[in-house]
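As you go down the protein sequences, you meet chains A and B in turn.
Position in the first sequence (from 1) plus 304 gives the number in the working numbering.
Position in the second sequence (from 1) plus 304 gives the number in the working numbering.
Bear in mind the hints are in silico, worked out from the structure with no lab data behind them.
Bear in mind that the values here come from a model prediction, so they are computed numbers and not experimental data.
All clues stand as given, with none of them false.
Pair ranges (Cβ atoms, derived):
1) B/631 to A/364: 30 to 40 angstroms
2) B/374 to A/548: 28 to 38 angstroms
3) A/596 to B/424: 51 to 61 angstroms
Keeping only pairs whose Cα atoms sit at most 25 angstroms apart, straight-line, the calculated DSS-like set for lysine-lysine is:
4) B/447 to A/452
5) A/642 to A/419
6) B/364 to A/516
Here a beta-carbon is modelled for each residue, glycine too, at the ideal position from N, C-alpha and C.
Protein chains: 2
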Amino acid sequence: MPSVTSREWRLRARPVGEPKPSDFELATVESTEPGPGQVQVRNLWMTVDPYMRGRMNDAKSYAAPFELGQAMNGGAIGQVVASRDDSFKPGDLVSSFAGWREAFTAPAVAVNLAKLPNLQLPSQAYLGVAGMPGHTAWSGLLKIGEPKPGETVFVSGAAGAVGSLVGQIAKIRGCHVVGSAGGKDKCDYLKSIGFDEAIDYRAAGDLRGLTKALQHAAPKGVDVYFDNVGGDHLTAAIACANMYARMPICGMISLYNATGPVPGPNNMTNLIGRRIKLQGFIVSDYAATYSEFVQEMAGWISSGSIKYEETVMTGIEKAPEAFLALFSGGNTGKMLVKLG
Amino acid sequence: MPSVTSREWRLRARPVGEPKPSDFELATVESTEPGPGQVQVRNLWMTVDPYMRGRMNDAKSYAAPFELGQAMNGGAIGQVVASRDDSFKPGDLVSSFAGWREAFTAPAVAVNLAKLPNLQLPSQAYLGVAGMPGHTAWSGLLKIGEPKPGETVFVSGAAGAVGSLVGQIAKIRGCHVVGSAGGKDKCDYLKSIGFDEAIDYRAAGDLRGLTKALQHAAPKGVDVYFDNVGGDHLTAAIACANMYARMPICGMISLYNATGPVPGPNNMTNLIGRRIKLQGFIVSDYAATYSEFVQEMAGWISSGSIKYEETVMTGIEKAPEAFLALFSGGNTGKMLVKLG
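Let the hints inform the model, and build the full structure from the sequences given.
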C-alpha cells in the first residue's frame, strides 16, 4: 500500500473558557507505508467526549494535555490498510487511541491498537455503548453506586452517551430511575428508553426549581446520584439525598469551560448526618473489568434491555463542531464523527 | 434516699447564628426517689460537643432536636445514688445520655444507662478519649480513611477532642501527620503530642494562605483528610489531595453557626481526576465496634502512645459557656463540665 493523505486536527491555542474554532487547525499529512512492526489504518469513526476539554488545558490531570501544534488524539475505530505486524492484517477492524485524524501509520502499541471483539455490534458501538462511555456507566453505577432493587437512582446528563446507559442499567437492576436533560425532546427520549421520570433542567430554571423538580420526581429521596454535570445538579442531589446515599462523580460538564473557581454545593454539611459518599472515578480504574462489561452489555443489547442513540456528524472537518456541541447539549446519546 | 434538688439547662429559644446566653435557661427541679425499675443518679461530669449545635435547630437530622422548654441532654458520667433496678447499686459509676443536669431519676433504658468498663481510666475519660469523641476519631480514621504507613494524614480541628486523637492514631499507624488549629499555643500542643507538622490557620489567613501552608506541611500531598471544620479547610485539602485520597467527613464546625447556605469547595472537579472520596459518617454507625475500640485505646493510653488533654469548667451554671467556647476555639482536647 502506498502512502495515504490524511487530515488531522491540531490544537493551535489553549482555549480560555469555551473553545473557539480558531483554537483548532486542520492539517494535511501523509500516512506513510508501514515500516517493520508498523500498521497502517484508515479511520472510519472517531469520538468526541467531554473529558477532552480538560486535555486542552496545560494542567496536570488524569489524561495528559494535548500538545500545542500536534495532532490531538482520542478513541477511534478504523480498518487496517497495510500491516507489517503479524497480529494485524488488511481488513481487520480495530480500535485505537489515534482519533482526530483520517489515517495513521504506527506501531500497534503506540496507539493502543486492538481488534474489535466479535459481538455482532456495529463497529462504532465500541466508541459508545460497548466502549468507554458504556464501561464508564457500568463501572460507576455498579461498582460505586451499588444500587439495590427499589432504590432511587438519579442521573444528570441523562440523554448523553453515559447517562442514557446509567439509567437503563439502573432499570435492569430494579430501581426507580430519574434523569435530567435539557429540553422536552430529550426528556421524551428518556421516557422512551424506560426512565421513570425525566426532569427538563432548563424548564426547571434555577437551583430552587431543580431541587423542587427532583423532590417531585424522587418522592422517596435519592439513593444513588450519578453526576455528569456538577454545579446545581450536585447541590440538588445532596439536598434530596437519603441516608447512606452514594454519588459516583463521573463528570462536571457544567464547569469544564469555567475560567475560574466555581463555588461547590452550599449544603455540604448534609454529608455528615446523611452519611453521603461522593467518589470520583475514571473508567481506566476498571480496565480489568472491560471484558466482563462488554459481554454483559452485548447481551443486554441483543435482548433489547438496552437501547442506544447516536448523534453523527460526517467528515473530519466537523470534529471540532461535534466536540463543541457536547457543551451546548447538541447530542442525544453518543456523539460521533463518521470518517469512512 | 430522699429526693435531691437538681439544676438542669433547658433550651428557651432556637438560636439564630451563634447561640446567645438568653437562648438557655437554668431551671431547678426535684430528682425524686426511684420508683420500681428506676435508678437515681448524681452526675459527676457532662460533655459539650459541637454536634449539639445542630440539635438546637428544629431540623430533621441524625440526632433529634432539643425540645423547647425541656431539659437538653447528652453524654454524662455519674454515680448511682439509689436504685430499684437489679443491675445497678448505689456507688456504681455509670454513663448516660442524661447530661445538662445535676441529677436524675429514670428507668435505665430511658437514659441509656451503663456501668463504666473497668479499664483503669478516670471516669470522665469515657466522655472523651475512651468515649464518643475517641470512638469517632478511631472509626472515621481507620474505617473510612484507611491510612497506610508512609501516607500523609491531615486533620483539622486538630487540638480538639477528636482531632488530637486522629493525629495520634495516624502516628501509631506510621503516617506523616499534619494538624491545623488556631493559635501558637495549640500548635505547640500538637507538636508535643507527636504531630509532624502543625498549621496555625489563623496565622495562615485566607484560603490561599491555608493552601500554601498545607502544601508546605504536606510536601507529598494529602492521602487522608479528616474533616472537623469544613469551609476553607476542605477546599485546601481537596487542592492538596493525592490520587485516591480518602476524606472522612466528621464535622464542619466552621459552618454550624451559619444563618444561610455557605458555598462549598470551589474545586470539586478535582474529585474526578484524583478519584477523591468524601464520606460523611456518625460514630453511632460503628456502635458494634465500641468494645474493640475501647480496649485498643486503653492499651494505647497505658503504654503512653496516646496522650489526651481536657479543658474543664466547673459547675452546671458554666455549661452554656463551655459549649459556646467550642466555637471560638476555647478548648484544647476534650471540653468538659465538672458537676460532682
